[in-house]
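Asks: The chain contents come next:
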Amino acid sequence: MEVMLSVLVGVLVTAAVYLMLARNVLRFLLGLILISNAANLTIFAAGRLNTSAPPLIPEGAEAPVGFVANALPQALVLTAIVIGFGLFAFALVLVFRAYEALGTLNSDEMRVAEPVEDER
Amino acid sequence: MTWVLALPLIIPFFTAVIAYLAKDSTAGRWWSLLGSILSLFAAFVLMVIVLREGVVAAQMGSWAAPFGITLVADLLSAVMVVITAITGLAVAIYALSDIDVAKERLGYHALFQVLIAGVQGAFLTGDLFNLYVWFEVMLISSFGLLVLGGSRAQIDGGIKYVALNLVSTILFLSGVGLLYGMTGTLNLADLSLAVDEVENTGLLTVVAVMFMIAFGVKAALFPLFFWLPAAYHTPAFSVSAVFAGLLTKVGVYALIRMFTLVFDHDVAFTHEILLWIAALTMVTGVLGAAAQQDFRKILSFHIVSQIGYMILGLALYTPLAIVGAVFYLVHHIVVKANLFLVAGVAERLTGSTDLREIGGLYKSSPLLGTLFLIPAFSLAGFPPLSGFWAKYLLVKASLDIEAWFIAFVALAVGLLTIYSMTKIWGEAFWKPHPAGVEPELRRMDRAAAFPLLLPIALLATLTIIIGLSPEPFVQFAERSAEQLLNPEAYVRAVLGGAP
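Sequences listed follow chains A and B, in order.
In terms of my numbering, the first sequence has 54 at position 54, counting the first letter as 1, and numbering is strictly consecutive.
In terms of my numbering, the second sequence has 1401 at position 401, counting the first letter as 1, and numbering is strictly consecutive.
Hints may be right or wrong, so weigh each one.
Counterexamples of contact, computed for chain A against chain B with all Cβ distances above 10 Å [to be verified]: (1) 10; (2) 15; (3) 18; (4) 30; (5) 54; (6) 66; (7) 67; (8) 74; (9) 76; (10) 114; (11) 116.
Derived DEER-like restraints, expressed as beta-carbon distance ranges [stated by the list, open to error]: (12) 1482/B to 96/A: 50 to 60 Å; (13) 1392/B to 67/A: 50 to 60 Å; (14) 104/A to 1266/B: 41 to 51 Å; (15) 1450/B to 104/A: 37 to 47 Å; (16) 81/A to 1068/B: 52 to 62 Å; (17) 89/A to 1352/B: 32 to 42 Å; (18) 1196/B to 63/A: 21 to 31 Å; (19) 2/A to 1422/B: 54 to 64 Å.
Just a few of them, taken from the derived set where beta-carbon distance is under 10 Å, the chain B residues facing chain A [unchecked claim]: (20) 1038; (21) 1437; (22) 1488.
No lab work stands behind these hints, which were simulated from the structure alone.
Quick reminder that beta carbons are idealized off the backbone N, C-alpha and C, glycines included.
Just chain A, same shape as in the assembly (with noise of 0.2 Å):
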């Protein structure tokens, strides 16, 4: 199983890097999405999967009994899925108001901030 994960990992993240490469914000962004879930996969996989039981402790009882599965890593990675999708949200909109205001998506074209000298 993890073996797969990594596999889906590897994919995942040179999608992402083609896609940030290129000069368009918005396939910066998709690849950004892209290379976040790559993120959250390798937190899931770093807590080892297995088959065990679920990770209930007994009424009475102190700690669970016998081997169970790990919640954390799906506690950070539900942490992480939540903040990443404020983020994009966010980065979205920026995106779409860059349009707007700017005219353009090539990230090249967008000098306003600072402008080349020789220009002026």
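Since the structure of chain A is provided, determine the placement of chain B on it from the hints.
Replies: Below, chain B alone, put in the same frame as chain A:
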């Protein structure tokens, strides 16, 4: 104990909520000011307790470490919390006059307080994943502040800032995942013990470098700093002052924390990289500044160059070098935030920050000239201001271990810093205004001028105090460096065990 550690976080969050509810009236700004004063008070209380009792820690939700989230304050955390609160208060006063009603309605004060909360959280947390969360809190509120108002330049700078910082975030997150996979813990104190048992040190070094890159983007190290000069000159002056003072320094703090507490297994490799990066950061930053013609752009590039000095202290990794890094960190926040505040007043008086279009400030407003010279000379390292002692410690530390080349770089960069500062002085203050404007402070409405000048004067006074009596500050930095290099007290405070 829990309350003392949590208050620097809770106060700004509460203030943010109230300020947001009051955003349509002018009450929001006064709530923000009140919250900043209370934060400063809470920070001082924390400082006193840390000075008296050493490292203090609290387990949130009463989950014992390493399972729950720990808040922990050693001397470095405590001083960063205090200096953040001071900067926060200075900027909150400045914002009374600098931020217009339109920006207030968009929720400036709420975002500002959330930003402060995020910064304080990053300084106080003792948990790696929690550090990630605080970074995100800081990041999302800084995104909001950066593009608040939505001018074309802000959107343009915002795209670069957002894009590069999100990449760094993802690297950080992947690093957290891999480190957890290797050690099975996320508590920093527990990690510092657990990494000693990792057999595959090669993989550990790879993860260390991932963290170096992730925090390097945040700290604006060479060659990862490009987002900073693209964005920092675009937002309101209050915003760029608080960014310049605090945001990159959180990256530096995270680097210092991680590379003294956790990643000290292969110092010869990791800190050697940091040393080269530090030298390149200093040089590129200062050369970048020399090429600029805008008040704030020059200052932005100088942030990059100054970050190099702090990383230099971390990279040399001797007790004296760490002392220098801690001292530099504190000095730099005060000075750099102040310079951006001065730039704001200069713009208000002359109508621009482009050095070619302004001038005459010294003749018509000598007070502002003086207030600029103090932080500017301190930045360049003139005795007897705070920057002199900071640079002195670092150069002494490099000479002590016979690192001649790096000492030379540090001194040469100091010289070039003077060049940029004299350029600003010559252009903005000395030469007559090209359009013949006489930018007199007196012509500003008194109610508008007072909140602008008060924080500048306060921060300048702080610079002079640190400069004239560096002894207690250096002693403090020495104790702090001792804690950083011998993390037993930190680990014991978090994990318990024999006191």
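Asks: The structure should be examined with respect to each hint, and the outcome stated for every one.
Replies: Consistency of the hints with the structure:
no.: 1; hint: 10; verdict: holds (13 Å)
no.: 2; hint: 15; verdict: holds (14 Å)
no.: 3; hint: 18; verdict: holds (15 Å)
no.: 4; hint: 30; verdict: holds (12 Å)
no.: 5; hint: 54; verdict: holds (18 Å)
no.: 6; hint: 66; verdict: holds (18 Å)
no.: 7; hint: 67; verdict: holds (15 Å)
no.: 8; hint: 74; verdict: holds (13 Å)
no.: 9; hint: 76; verdict: violated (6 Å)
no.: 10; hint: 114; verdict: violated (6 Å)
no.: 11; hint: 116; verdict: holds (13 Å)
no.: 12; hint: 1482/B to 96/A: 50 to 60 Å; verdict: holds (52 Å)
no.: 13; hint: 1392/B to 67/A: 50 to 60 Å; verdict: holds (59 Å)
no.: 14; hint: 104/A to 1266/B: 41 to 51 Å; verdict: holds (45 Å)
no.: 15; hint: 1450/B to 104/A: 37 to 47 Å; verdict: holds (43 Å)
no.: 16; hint: 81/A to 1068/B: 52 to 62 Å; verdict: violated (22 Å)
no.: 17; hint: 89/A to 1352/B: 32 to 42 Å; verdict: holds (35 Å)
no.: 18; hint: 1196/B to 63/A: 21 to 31 Å; verdict: holds (26 Å)
no.: 19; hint: 2/A to 1422/B: 54 to 64 Å; verdict: holds (60 Å)
no.: 20; hint: 1038; verdict: violated (28 Å)
no.: 21; hint: 1437; verdict: violated (21 Å)
no.: 22; hint: 1488; verdict: violated (27 Å)
In this structure, the hints that do not hold are numbers 9, 10, 16, 20, 21 and 22, in rising order.
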